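Sequences and hints are given; from them, build the entire structure.
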Amino acid sequence: MKRTLFISTLAIVIVLILLNNLLFYFLTKESLTENLKKELLSIASQVELSIENSREASIYLEDKISENLKSVAVAAQYRLDPDIDNVTSDELSELAKQLNVQTITLLKQTDDDILLYKSSDPKEEGTSTKKWDPWYQAFQQLFEQKDVSIDWGYTSKNYWSGPFEYSATDLTKKNLQKYGYYYDGTTNYIIDPFVSDQTYLDFQKSAGVESILDNTIKAHASLLEITAFNPKTFGTEEYITLTDQGEELAHNSTRPIIFGSYTFKLNDDADLINKAERFDQVQSTIRKINGKTTLKMYIPVDIKHYPGISDKEGVQLARYVLSLVSDYESIQTTLNKQLNTLLLTVGTVTLTSIIIVIIFLRFLSRTRDRVVRATQETYIDEVNQMFISIRGQRHDLLNHMNTVNAMASLHKYDELRSYMKEWIGDVTVTNDIITIGQPAIAALIQSKIAVAILKRIHFTHEFENLTNFPLGIRSVDIVRLIGNLIDNAFDAVSDEEDDNRNVQIKGWGTDNKLHIVVSNPGTLSPEAADLIFEPGYSSKSDHSGLGLVITKQLVNKYKGSIHLDLEQPGKVNFNVSISLN
Numbered sequence: 001m002k003r004t005l006f007i008s009t010l011a012i013v014i015v016l017i018l019l020n021n022l023l024f025y026f027l028t029k030e031s032l033t034e035n036l037k038k039e040l041l042s043i044a045s046q047v048e049l050s051i052e053n054s055r056e057a058s059i060y061l062e063d064k065i066s067e068n069l070k071s072v073a074v075a076a077q078y079r080l081d082p083d084i085d086n087v088t089s090d091e092l093s094e095l096a097k098q099l100n101v102q103t104i105t106l107l108k109q110t111d112d113d114i115l116l117y118k119s120s121d122p123k124e125e126g127t128s129t130k131k132w133d134p135w136y137q138a139f140q141q142l143f144e145q146k147d148v149s150i151d152w153g154y155t156s157k158n159y160w161s162g163p164f165e166y167s168a169t170d171l172t173k174k175n176l177q178k179y180g181y182y183y184d185g186t187t188n189y190i191i192d193p194f195v196s197d198q199t200y201l202d203f204q205k206s207a208g209v210e211s212i213l214d215n216t217i218k219a220h221a222s223l224l225e226i227t228a229f230n231p232k233t234f235g236t237e238e239y240i241t242l243t244d245q246g247e248e249l250a251h252n253s254t255r256p257i258i259f260g261s262y263t264f265k266l267n268d269d270a271d272l273i274n275k276a277e278r279f280d281q282v283q284s285t286i287r288k289i290n291g292k293t294t295l296k297m298y299i300p301v302d303i304k305h306y307p308g309i310s311d312k313e314g315v316q317l318a319r320y321v322l323s324l325v326s327d328y329e330s331i332q333t334t335l336n337k338q339l340n341t342l343l344l345t346v347g348t349v350t351l352t353s354i355i356i357v358i359i360f361l362r363f364l365s366r367t368r369d370r371v372v373r374a375t376q377e378t379y380i381d382e383v384n385q386m387f388i389s390i391r392g393q394r395h396d397l398l399n400h401m402n403t404v405n406a407m408a409s410l411h412k413y414d415e416l417r418s419y420m421k422e423w424i425g426d427v428t429v430t431n432d433i434i435t436i437g438q439p440a441i442a443a444l445i446q447s448k449i450a451v452a453i454l455k456r457i458h459f460t461h462e463f464e465n466l467t468n469f470p471l472g473i474r475s476v477d478i479v480r481l482i483g484n485l486i487d488n489a490f491d492a493v494s495d496e497e498d499d500n501r502n503v504q505i506k507g508w509g510t511d512n513k514l515h516i517v518v519s520n521p522g523t524l525s526p527e528a529a530d531l532i533f534e535p536g537y538s539s540k541s542d543h544s545g546l547g548l549v550i551t552k553q554l555v556n557k558y559k560g561s562i563h564l565d566l567e568q569p570g571k572v573n574f575n576v577s578i579s580l581n
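Residues 1 to 581 (the UniProt record's numbering) make up the sequence shown, in order.
These are computed hints drawn from the structure, not numbers from a lab.
Since the model is a prediction, treat every value here as computed from it, not as a measurement.
Treat the hints with care, as some may be off.
[As the list claims (entries may be wrong)] Listed next, the in silico DSS-like pairs over lysine-lysine satisfying Cα-Cα at most 27 Å (straight line):
#1 LYS37 x LYS275
#2 LYS108 x LYS123
#3 LYS455 x LYS506
#4 LYS506 x LYS552
#5 LYS292 x LYS337
#6 LYS64 x LYS97
#7 LYS513 x LYS412
Structure (structure tokens):
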């Protein structure tokens, strides 16, 4: 009877311990998974900001290329006969070389079509544009001397330039072209100069979206891939049109992968992308892809204006889907280590308790003939103590488990590591801290580098000791503050000689303060120095004078200081100091 009771008690103890361990395991797994999802959403938010800044710079660059093509077209018009039949291909070829463009083509309107009638490239001549939607609509509006109403590309008086696209006569799809179309009514043809995408590609390589994605993946060890999908064309047949020669032509504007790589593929990617876009909700799935257990998330991203990316009907996208793939095996590894350590600790304590009970029971059995009642009472007392001890362990385990879960939910990772180390020994905990402030600054600096390149400004930056901003300082305010100071410096040196167009920014954290210094060559009169932070004051007639006013308001918001330093001859320094408390 006593043996049966002992075995039953031991079985109950083991079951309780196993249930505790299982509950701890699954709650910890859920907590770590949720934290990983939040981490990916945070990264996605940073990527969105970086992409938006890079995209704005790309649009600016495209517009500049479009403006240059218009200048080329106007120059060509003065060199060419107004009657297209009096212009030769040799003239166009020589003119293209002189104006430093790849090709010049002239478009002629017929009764029912608009043809590529004369060109410096013989392959262009005779090509119909009637099926070029919406290009054909733009050509018709130009010939009618109307402003082009298409929501794509760049429009100005008598001129339109579409986004980068593949040539209808080049089926290799290796090179994108930028086309400009000019017609002012003084000729009987549209002038169409175009250039390759090399300048655009050089920018993308140094400061474009793909560069941002590569740097983001390198900065996060668990991040495997970032992809932006066109939800209107992904998972459908590729949009193909036929040329006049019956050859198939693909289109860059309807590409299913907008940017990023796509190597971690799932059969139901299209379905999950469609759900994310249609319901405007984040979708996620844990799958084994390419031999790795991964967490894949699909995040809908709203966009106001993305020229050059559309559905198959030519309608620009209002939303794309950003996909992030993370290595889920790191969570499984952490869980296994924690579970093994916990099992070892609890198992050791339980085994020790059982051995002690067995030894004590044997001692009682040797003296039962002399003190049966005392033995029984002692036995019962000890069993009760064992139950109390086990209940105490269970209670403590639940407390520990709740504490760990709470710390994880509150992102108290440092406290969590310290707590786990004190409780169950030296446990390796993932130490992947997501910087909130620095990525936003990095995205801003990348976009300003792109603008500096276009404005021929030598822009240097130096940041130290900026690993984390406290929650009291919003990243968006830091970006506005620094962005206004840099823009002010860029404007200040815009009229300088190229050798003197230098702007420098330094940032560092010390003594619970954030320090920012923006410097540029120049001088200011005492009167201008006194008015520089006043609303409406600007040294430029076409500027509003609000940038430095907003900057000062942001500094005051965080009880910081900003002052103008003119002690160095020929140099203007703006010094900002903000408390991090």
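Hint check:
1. In summary, the hint linking LYS37 to LYS275 is supported, as the alpha carbons are separated by about 18 Å, within the 27 Å threshold.
2. Between LYS108 and LYS123 the alpha-carbon distance is near 16 Å, which keeps this suggested pair within the 27 Å criterion.
3. At roughly 21 Å between alpha-carbon atoms, LYS455 and LYS506 fall within 27 Å of each other, so this suggested pair holds.
4. Taking the CA atoms of LYS506 and LYS552, the gap is about 18 Å. The hint holds against a cut of 27 Å.
5. The hinted pair formed by LYS292 and LYS337 meets the criterion: a straight-line CA distance of about 19 Å does not exceed 27 Å.
6. Of the supplied pair hints, the one linking LYS64 and LYS97 holds, its CA atoms being roughly 20 Å apart against a limit of 27 Å.
7. Straight-line distance between C-alpha atoms of LYS513 and LYS412 comes to about 22 Å, which keeps the hinted pair within the 27 Å bound.
The structure fails none of the hints (numbered hints given earlier).
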